[in-house]
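Asks: As given, the protein sequences belong to chains A and B, one line each in that order.
In this text, residue positions in the first sequence follow my numbering: the first is 1, and each later residue adds one.
In this text, residue positions in the second sequence follow my numbering: the first is 1001, and each later residue adds one.
Treat each hint with caution, since some may be false.
[To be verified] Computed list of lysine-lysine pairs in DSSO-like fashion (alpha-carbon distance at most 30 Å, straight line):
#1 A/Lys240 - B/Lys1052
#2 B/Lys1105 - A/Lys311
#3 A/Lys69 - B/Lys1079
#4 B/Lys1106 - A/Lys151
#5 B/Lys1083 - B/Lys1106
#6 B/Lys1102 - B/Lys1079
#7 B/Lys1079 - A/Lys151
#8 B/Lys1105 - A/Lys240
#9 B/Lys1105 - A/Lys370
These are calculated hints, taken from the structure and not from any lab test.
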Amino acid sequence: MVKKTCLALLPLSLCISSVPVLAASTAELEQRLEQQERQIKRLENRLRGTRAAVKENRSRLSDAADRLKINGFLSAGASTIDSQQLYEPFYGVYDNLRSESVNKVGVQFNFEVSDNIDVTAQLTSKGVNDYSTEAEWLYLNYQATDNLAFKIGRQRIPYYLLSEYLDVGFAYPWVRPPLEMYNVPVASFDGVSAYYGISLGDVRLSFQPYVGSSTGYSDQLENAFETNQQYGLAAFADYKNFTFRVGFNTSHVDVRTVDEGAVSADLITGVDTALAAGTVVNGLAQGLAAATSNPAFLGFVVPPTVEPFPKNSRTLYTSAGFSYDDGSLLVMGEIANLRVEDLPQPGGDGGYFTVGYRFGRWMPHATFAKYYTDSAGDEYMNEYLEYFNDVASNTAALAPTADGASVPLPAELTAQGFSSWSQYSTVVGAGLADLHNGLATLNQQQQSYTLGVVYDVSPRVKAKLEATHYENFGNYDYVTGYTGAGPTTVSVNGDGRFSQVVDEVDEVRGVDSGPPANKDHTAIYSFSIEAVF
Amino acid sequence: MTIIMKLARVLSLAGLMLAASFASAEVVVIVNQDAPINGATAADIQQLFLGKRNDINGVSLTPVDQSEGNPSRDVFYEKVIEKTPSQLNAYWSRLIFTGKAKPPKKYFDDAEVLETVMEEEDAIGYIDAAQVAEGVKVIYTVQ
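Next comes chain A alone, as it looks inside the complex (with noise of 0.2 Å):
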């Protein structure tokens, strides 16, 4: 109170105090004056020196601290998911509350080599990797002209709406984005890209084709495998608050190393045993004709109608999105394609559709997510099912003829340590059969409901809650054995994207886990911090 009265004093005593200089003489008025006008120009002389000295000490610290931009990021948490026999193979979420899944921290190094080339690495750590450190963007950007620039290098492919951030949490509002939809095994492609932007009135559109090679690890196969002649583009366009956006990608898989006892190497022995069983059991079929003059036996004859492992195939990523920010509502969706020809890599639809609201500093939202593996895919992997399951029971129901009768096993199988068609036939049900039913679940499907929140600790620190439940994993035949009569089934729940968990000590004894147990359904629970800084 007393402070308001005072200045509202202020101009008053100013204009009395001015009253006896009105007062004086003007020769007395005129001398003040210049005397004023000195000090004015000493000021305004040494505002000039300030204003140098500033300038220089800019331009010095330039060089230094503006050439170089040091950013990073870092996601900390824990994530449990609601099943003890399924676990999230893509980040490693298992029923214990564990911290690998979400940790993760990112360091990028920026440096500006001349007005228009920089050198960018980013540098990160995750915990799903043991914090191995690996370079996810390493690259040297030439800025053409104002709208266009070059990147050699690796870099992020774009393969969805989020790919060049997924790391960055703090960028999106999920622990981790939909699985159904985020989950192509490849993440950065060496190679070459282009920027061009352009804008049209309100409308910003940029494109971003590129070409590259990268190597990527497949979950489901464990296997590594390579891509070469990767070719692609990403294609936005802005206005106002929307954002949209669409994707292709195409490139050449090889499958190059193959690690004894994954999932690969099963497959790829199995399919052989396969064919080797299906060739045998024709040429057992045919002999049975011939010696008994009965042609019902060819009816056993199986056409080989699939082909080895293939050790390489095409892939073509589609993928469009959009997303809308107006500072309160954000709204979102993404859906993509991915083919995978002649190779039993999962291969299908997924998409998503998300819902936020800013109330202050928390946003609440929920997602909604499917998966399911096109038809092309169950169609390609169904002709390989119906393979095995005639070579089985084709096996089986000439067996007892073949041993009735005796007809000699051939010399190969006899120096394999097979004594008997029963024998042969009982070793090739039970191998067929496990590889039926490992093939079996690369046809996938499942939908997730997501709840969660987002709480702005400060500008740079945010924290994240959420719960996913996951259903509709679809069911499938597991084969129990084989009789002449067919494969005996019994009808399982399916995995989705999830794997099943191995009791590896229960394995190494050898003791048959029988059919999977998992549910129709299950949950992940997560909350983590992440930072920009």
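Dock chain B against the given chain A, drawing on the hints supplied.
Replies: Frame of chain A; chain B shown alone:
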């Protein structure tokens, strides 16, 4: 120079100083006085400061920002850019970590921004309205 004019100058200087100490934080967007541009819309300025374009009506401009925590910055980002500090950090992290764009260079305060805009013909910045001086022109007043 007549004495009346000199007197008027001193008084107006005093008046300006008073105005400065009483003014609320009204923020203006400034460009160099030689820049061939006389006005801009909030949308133009927003796009420029978010790195979505690098010109206004064909005039190439480079935005200069202020350090976090300055009163002018808080007003500018709330009223013109319409993003909270948290949203702004999320926005830039999407671009920084993908190498698509870099945020504007940050200067210490109003005085440094004024200085830069005075010296560089293509610079555009925002300062407290009371700090406006010769050598720059105001192209937008934050409402």
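Asks: All hints are to be evaluated individually against the structure, with a verdict given for each.
Replies: Against the structure, the hints come out as follows:
no. : hint                  : verdict
1   : A/Lys240 - B/Lys1052  : 11 Å, holds
2   : B/Lys1105 - A/Lys311  : 51 Å, violated
3   : A/Lys69 - B/Lys1079   : 28 Å, holds
4   : B/Lys1106 - A/Lys151  : 26 Å, holds
5   : B/Lys1083 - B/Lys1106 : 17 Å, holds
6   : B/Lys1102 - B/Lys1079 : 22 Å, holds
7   : B/Lys1079 - A/Lys151  : 36 Å, violated
8   : B/Lys1105 - A/Lys240  : 24 Å, holds
9   : B/Lys1105 - A/Lys370  : 43 Å, violated
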